[in-house]
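*Asks:* Protein chains in written order, with numbering that gives the first Met the number 0: chain U, 0 to 157; chain R, 0 to 356; chain W, 0 to 383.
Honestly, I wouldn't trust all of these hints.
[To be verified] Computed spacing ranges between beta-carbons, pair by pair: (1) R:P174 x U:G135: 39 to 49 Å; (2) U:V131 x W:G245: 52 to 62 Å; (3) U:R145 x W:A24: 42 to 52 Å; (4) U:L11 x R:H136: 19 to 29 Å; (5) U:T142 x W:R151: 30 to 40 Å; (6) U:T142 x R:R157: 54 to 64 Å; (7) U:E70 x W:L185: 42 to 52 Å; (8) R:R330 x W:S130: 41 to 51 Å; (9) W:G266 x R:H136: 52 to 62 Å; (10) U:R145 x R:A195: 30 to 40 Å; (11) W:R304 x R:P132: 48 to 58 Å; (12) U:R145 x W:G245: 27 to 37 Å.
Keep in mind the hints are simulated off the structure, nothing from the lab.
Even for Gly, the Cβ is constructed at its ideal location relative to N, Cα and C.
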Amino acid sequence: MTARLPEPVTRLATPLKMEYTFVAGAGRSTFLRGLAHRRLLARTCPSCRHVYLPAPEFCARCLVELGDPVELDGRGTVSTFCVVNFPFPGQTIEPPYVVAHIRPDGADTRLMHLIREVEIADVHIGLPVEPVWADGELEPSWTSIRHYRPVLAAVTDA
Amino acid sequence: MREVAVVGSAQSPGRAANRRDDMAGILLPVIRTALGQLGLDRDRIDFVCSGSHDFHEGRTFAYIDSLDAVGAWPPIVESHVEMDAAWAFYEAWAWLQLGHGDVALVYGVGRGSVPADLDQVVPSQLDPYYLAPLRPHQDALGGLQAHALIAAGLTSEREMAEIVARSRADAAGNPRAQVVGVVAVDDLLAAPYVAAPLRAHDVAPPGDAAAVVVLAAGDVARELVERPAWVRGLDHRLDGHYPGHRDLTRAPSAAQAGAEAARTAGFTAGQAQVAELHVEYSAQQPLLARALGLGAGVAINPCGGPLAGRPMTATGLIRVAEAARAVHTGRADRTLAHATNGPALQQNLVCLLEGDG
Amino acid sequence: MAEPVAVVGIGQGKQAKRREVTIGAMVREAVAAALEDAELAASAIDAIVLSKTPDLFDGVMNPELYLADALGARGRPVTRVFTGGSVGGHAAIYGAHLIQAGLARRVLVAAYSKESEGNFTWALSRGLPFSAQLGAGAGGHFAPVIREYIRRSGAPEHVGWQVAVNHRLNALRNPYAHVQMPDITLEKVRESPMLWDPIRYLESCPSSDGAAAVVLAGAADVGAPARPPAWIHGMAFRTETGHFAGRDEVNPRAGTDCAADAYRQAGITDPGREIDVAELYVPYSWYEPMWLENVGLAPVHEGWRLVDDGGTAIDGRLPVNPSGGVLSGNPTGATGLVRFLEAALQVRGRAGGHQIDGARRAVGHAMGGASQFHAVWVVGSERP
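So here's chain U without its partners, still in its complex pose (with noise of 0.2 Å):
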């Protein structure tokens, strides 16, 4: 007797979960706690003067623990930007949106945060923005800030 042989198998589902602890170290973490407290610590190098803005614990370039943390107010400049137009995984808003590489005043490094509460045609380089902290009771996260909006009080000479 012939029976019917099955059909091959083509495809195996092998669901994988890992769960981590994830280890922020001690500069990021005294960066992430300033966040908490709506604070954007900053630290300079002692060697290269540079200042870091989110500051790690050394600096990567010379090697040398970064001092100790000097508040920044939080404005910047936009020094570059993209605008995301397309749906992605991990958004938690509607595109489109800006993207921007932002200089933080009094740092020498750059950070990369949303741009929103500006018309997405009036985003250029150069334009100053400051940042907007999330309400209430704030965790140690980059989401303490909702994202970085023009300075309004900013008034250019064309």
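Fit chains R and W to the given chain U structure using the hints.
*Replies:* Quick look at chains R and W alone, frame taken from chain U:
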């Protein structure tokens, strides 16, 4: 072949869990120590090679952050393996053979505490279609191997416990060891199994650490240290993957790597006075001693070895560092370091080191 | 001078969205093709180097272990390297180094990606507090860098579209390329959805499964093969740290240093003139003019002109990515090796429908991370 030696090394203290430092933070002090001991500036380093694995770190491209501790500016010549850093050691030694430079820095970062449960991680090393879906827990294959060894009369639970007791006691003199202490063999044998015949102490305890080894060629090595640990033989080999196809009581790739290393070394593993073996389970020690043909008087893992601390992908590199240290201190003239990758000793590396005179 | 090393065998599989084969079978296909091209049995291989991007992308940790049989690796030294997207280039260079170091006579370098078997989002989602959740996707990192290049160079916007058209037309001549668009035009590119301003959909790379392999041999073992080898004239890799103030990601020094070292080894002093064809790691169209400048094939701020005047089209004086490039197929763990092997195919005269006539010296280039890792080789039809 160009004469290349291990001239120095350093290691962070093995910890079950380091919650203070990120990858770069755990590595930087170790690099400073290793280079400081040699009076070397980072601009004397001609090649950097490292080993670590994303699955331990829990994110993709994890090792890139560790480069912040290396000083990769101005741009450097650098490479990386997603394996135990002993394989990065091999790559650095091979690079030095080219004559493009004289000093190489090898580092390994291994963090076993970042995964909340290694049972979730370790089975991913297996064939994704036939083996991984069975989700054997992290020590299941080690247990199968230990069981096979006992059944073949090649070890016993008592011998395994004696090996653990010896390792823990030897670790007392090692400030870098993670687990030390004097334990009675009978107390060990009274403990419950975690993967019969393995008990918890038979499993090399996962932990967090970074290790650095510095290699230098020829006269540069002689300038840097009194007694360089010359790499006389270095080889690595891979066996087949499926445990059902393998004789788990043997490690042919370890034997083959040992034989190949001996060919260039001019001496055999059996002539090594100290052997640093990358055992993940106590039962693997007699297996490897036999596979490598270690001599009767050899000191195996005299500083405690992995049974006193296993910082994942740094563990094999630490075996090289410890074997070299035995030469540097004059404790031995000829030493062996072994490293492994994969389930139940599937892939093995052997390094034969020798001191002058 | 170290013993010259040659590429004596090249194998590829079709790049596609999902390959209906196992990972092992997909890798085996490329390995078998490379050995067949080299007219060698697997037993002739002394060492194997495996290139792949993060294991979390497909959930297989340390795949060199599972792939022991697919690679023909039992009893051999096997190393799995990883340096971001440049890994395929790093792996090829490490393979050649093993030969030059006298540690192997013939090396198999294999590379693959089968991300369709995993979950990219899962692998990239960390839920950390350590970075802002921007949901920008990979291009969200590169688009601002491109904007900075456009600002510095003053390049007109159609340059990016022109690159996309060039590469997509070239892909039609390459049966291995994933994306085939026979009716591509500048207008179609311009009208395609904007993903991350200024990058449009048709200017972006796909995500592909695929495998590739090459066999390398030292000069003493090349013999007189039926198919001419490609000789390595120069090769280098460099890394720079990503996290320091003042870093130039538009024109990273690691790339410039890397290419300069490769040209120096090859005795090339005017790469723009002496190189006949280039396979560059261009994941978004604008990276063609950027890398032309970075690897010294065009003066700084002028790379776009070479595109604009047709110089990099398949009939131009310096064709770039005649294979269709990364825009037409991107198995990330293999993409770097594919650039390297495409350069080798050109100087062997074996690039079939996308062969550049008379190609005697070619550049293969790969980049990884946030432009931190760079690998370059220069291959030629003559033994150096």
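*Asks:* Each of the hints needs a verdict: does it hold here or not?
*Replies:* Right, here's what the structure says about each hint:
1. R:P174 x U:G135: 39 to 49 Å: For R:P174 and U:G135 the Cβ distance comes to about 47 Å; the hint holds.
2. U:V131 x W:G245: 52 to 62 Å: violated (28 Å)
3. U:R145 x W:A24: 42 to 52 Å: Because 48 Å falls inside the window, the suggested range holds.
4. U:L11 x R:H136: 19 to 29 Å: Since U:L11 and R:H136 have Cβ atoms about 20 Å apart, the given range 19 to 29 Å holds.
5. U:T142 x W:R151: 30 to 40 Å: holds (34 Å)
6. U:T142 x R:R157: 54 to 64 Å: Taking Cβ atoms as reference, U:T142 and R:R157 lie about 56 Å apart, which means the hint holds.
7. U:E70 x W:L185: 42 to 52 Å: 51 Å Cβ-Cβ, so the 42 to 52 Å window holds.
8. R:R330 x W:S130: 41 to 51 Å: holds (47 Å)
9. W:G266 x R:H136: 52 to 62 Å: holds (57 Å)
10. U:R145 x R:A195: 30 to 40 Å: violated (54 Å)
11. W:R304 x R:P132: 48 to 58 Å: holds (55 Å)
12. U:R145 x W:G245: 27 to 37 Å: This hint holds: roughly 29 Å between Cβ atoms.
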